[in-house]
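K.L.:
The chain contents come next:
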Amino acid sequence: MTTTSEVLTLPSRAARFGFIRGLRLSGFPLIPTAILLGIAFVAVFANQLAPHNPEVGSLVARFKPPFWETGGTTKYLLGTDQLGRDVLSRLIFGARVSMVVSITAVLFAGVVGTTLGIISGYLGGWVDQVIMRLVDTWLALPALTFAIFLAAIVGPSMWNIVIILGITYWTRYARVTRGEVLSLKEREFVRLAIVAGCSKWKIMLRHILPNVINSAIVIGTLMVGVVIITEATLSFLGVGVPPPQPAWGLMLSDGKQSLMVGRWWLTVFPGCCIMLMVLSANILGDWLRVKLDPQLRQL
Amino acid sequence: MKQFVMKRIGYCVLSLFLLSLTIFFFVRVTGDPATLLVEPGASPEDIAAIHHQFGLDRPLIVQYGLFMASVLTGDLGQSFYYRTPVMELYWSRLPNSVMLASAAMAFSLLIGIPSGILASVRVGRFWDNAGKVFALLGLSLPSFWVGLVMILVFSVYLGWLPSSGSGTPLHLIMPAFALGWYFAASHMRLTRSSMLEVLGSEYVKLARLKGLPQSLVIAKHAFKNALIPVLTLAGINFVIMISVAVVVETVFAWPGVGRLLYEGIAFRDFPVVQGTVLMLGAMTVVVNLVVDVLYAVIDPRIRLAS
Amino acid sequence: MPSTPLLELENLSTHYVSAQGTRVVRAVDDVSLRIHAGETLGIVGESGSGKSTLALTILRVLPPAARIVRGRMMFEGEDLLRKSDEEMQKVRGRRIAMILQDPMASLNPLFTIGNQVAEPIRVHEGASRATAWGRARELLKSVRIPSPETRVTQYPHEMSGGMRQRIVGAIGISCEPRLLIADEPTTSLDLTIQAQYLKLLRDLQRAHGLALIFITHNLGIVAKMCDQLAVMYAGRVVESGPVSRIFNAPTHPYTEALLNSIPKMSDDRQRLTAIEGQPPDLSKLPPGCAFAPRCPRAFDRCLQSAPPEIAPEDGRTARCWLATPVIGAAASVLRREAV
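Chains A, B and C are the protein sequences, given in the same order.
Mapping of the first sequence onto this note's numbering: position 39 corresponds to residue 39, and the numbering continues sequentially without gaps.
Mapping of the second sequence onto this note's numbering: position 209 corresponds to residue 209, and the numbering continues sequentially without gaps.
Mapping of the third sequence onto this note's numbering: position 126 corresponds to residue 126, and the numbering continues sequentially without gaps.
Just so you know, the hints here were simulated from the structure itself, not pulled from any lab data.
There is no bait here: all hints are sound.
Below, simulated DSBU-like cross-link-like pairs (lysine-lysine); rule was C-alpha separation at most 35 Å, straight line: (1) Lys224/C / Lys199/C; (2) Lys200/A / Lys7/B; (3) Lys141/C / Lys224/B; (4) Lys205/B / Lys199/C; (5) Lys7/B / Lys224/B; (6) Lys291/A / Lys224/B; (7) Lys205/B / Lys224/C; (8) Lys202/A / Lys185/A; (9) Lys7/B / Lys220/B; (10) Lys185/A / Lys200/A; (11) Lys132/B / Lys224/B; (12) Lys90/C / Lys224/B; (13) Lys185/A / Lys2/B; (14) Lys220/B / Lys205/B; (15) Lys132/B / Lys205/B; (16) Lys199/C / Lys90/C; (17) Lys205/B / Lys90/C; (18) Lys284/C / Lys291/A; (19) Lys7/B / Lys185/A; (20) Lys220/B / Lys83/C; (21) Lys83/C / Lys224/B; (22) Lys284/C / Lys205/B; (23) Lys205/B / Lys83/C; (24) Lys224/B / Lys205/B; (25) Lys141/C / Lys220/B; (26) Lys205/B / Lys141/C; (27) Lys90/C / Lys220/B; (28) Lys199/C / Lys220/B; (29) Lys256/A / Lys132/B; (30) Lys205/B / Lys291/A; (31) Lys132/B / Lys291/A.
If you want a taste of the chain B side facing chain A, the calculated C-beta under 7 Å gives, among others: (32) Phe26; (33) Leu141; (34) Trp145; (35) Leu152; (36) Val247; (37) Val273; (38) Val277; (39) Leu280; (40) Gly281.
Note that the Cβ used here is the ideal one computed from N, Cα and C, for glycine as well.
All chains should be modelled from the sequences, with the hints used to inform the complete structure.
P.N.:
Right, here's the structure in full:
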């Protein structure tokens, strides 16, 4: 259990080599993290990496299969879709959408959820009751259905999606954080701070917050996978990021039309990307969960 | 016990209230609801007529009252596309969703629970590791993609199974698997960790100390205790399955309420969208209530503690 | 009255091995003890001294990471270590029974009291449900639980702590074992109930001719309940013998310190005496005596080599160089003889 303000800090430069070796030995999931970093890299440098424009295609080159199949060319390595757009380029730019949406949504949900969790847990009383009722009733509703509903009503735009995802998933953070705060409240260093005359807000910020960040990070990594799948689902159903912007879920939706004629590349590749990203996030999240706080193993 | 049930019903009502409020609120707040309520391609006069008909020029409280009044009497409006009351559509599609969810749930429990028990009894060895991989994949793969790939393999390439529609058990196999994998993974994980916790408990230790054979210890003492959280989760998951089945139903053109929601969105059929979401939400809340009460029946501690 | 001991442990060692095989915790190290029929043996030590592991070793109900690396456990002439798991099952609960510390945790919350008390009777003696439940009611009566007929259909959480512990006791004696091991049975009970429970145990012991191994950290209880005493430290038995003799004249400095740390009314000391230092890390034991770093009377030899069991007089042993009749000379290590 964390003792006085054990904050997750990076060690000094000198210790970093030892840090990395230490990570290796402790079962650190190197490959998943590398994959995530790779996807992030691709997302950032999409403009440089993508061979073609992802949004505009040439109708002459429709439905080309990947280059190793008959009829494919190395010009469109992974084939083209129904509008002649290069699949590889769309995948690359799709990474950007996935990255941006998932990270922002997770952060948004995290900030809102953790804040409300801290306030609720620390202040107690009617504030706690109200917020917790809100969390309970919100959690009782089917998250995906609600996200779909909101997305359908509000209309397509990437930022709308981020906000909707944040609204849908903040409760996960609030519940866990509040639980932690409740036990932290009884600890010595908090009582000392109260006795020393710190204001409530200062205590919450400087003493409580650093101690709940660990769990918030763990929840965050686990949420990344959920958020990505939800975003892909929304895009697949047509209420996510609007075309022509490429999103992996949207590509799957487009690909569905020609599935029955065997144009497998339009389905397999985007799905693999989603799978890689979610799988890596989940493995990393599992490892973090065990590392940072074994008590969260029930999550 | 009575108080417990009363309290739970109270929360249930509160949730339903919040559900209706949120739906109502969001529709109003994101623009003129008349544009949603009217069919695509309507003229300004039509919109004005809608304003008057639905009382959109009246104060919000009154609007909410009217909204709730019609909802509580079961009037969820009429579908633009099908020209039938939404309620009717919903109830006609629900049995299909229930069938799909039942099949998926059966699959998830039949695979999940035994593999979870096996993994917990053989920690660190082959079945545990195999189970972990199965679970990880199930939790990381989007269900609709699993469905799509299955169609590719089993319908397009192998031609064994039908790719859409319903009617025969063969139609049910792929959607049930696609929908159920995630939940099988979730149930497996929970069974495993629950069993491990129970196997390390003092009463299991005492059971062994009493000289009970290992099989009895696991089957009687460990199993029932370990199963409680899993069944609770399964109960809650059932309704979630129906909701989450939206995508799987869409992929396989399975005529359930999830597909109904998708059609509503695709055809811009607002009453269908609003009605379906309302009903799904209400169903989830009510079923959670039932599960809570059932839980109290199984576990004597809850019954008396409250 | 020399007679063969009911249970004799010889050089018993149980180690916990970590998953990678790197850390070895010597939880029980070279323990030799004996107990005769009808006798009460107290095992005393701090937490971490190995007492509970020793109890679990006797019944071979250890967690997977533990390994019994050497020794013999002779019970009624048979070596328990040579038995298969099925054979051990017939020993557990039937010939040797055990009571655990926390009664709330020991009882399965989902089954009735009657079910849990009748269970060993049905398994070990093949009794029918009716017979076993009848016996269960009688057992509850014999542990002084009021109105057993109603209690039998109730659940553990409906009972008080004291009652639960009695029920656990009832389970323990249900199949008429020869030996009962009680692992800190009164530690989680209120003080007012402790005395009642101890009396109950003594009465049961006399009525059923039980041998009792009583594990505790409380020397007061030892004084009341036990005939023989074994003091454990860092997995080893550092002193053993009759209770009265040890209490009057402890040999090992650890025993002495334990006895001194009990505050007495007649004391005019101003402060409580605690033993300095910390118990050692059982995976990194020093080459010499495990207690030497904290011992007020330690000298060079103590730190260099661990003392074997030495008999300062008949019927007693102590693992201490100070116990040798002549220090430095070729000390004869005598095997403890049955008195």
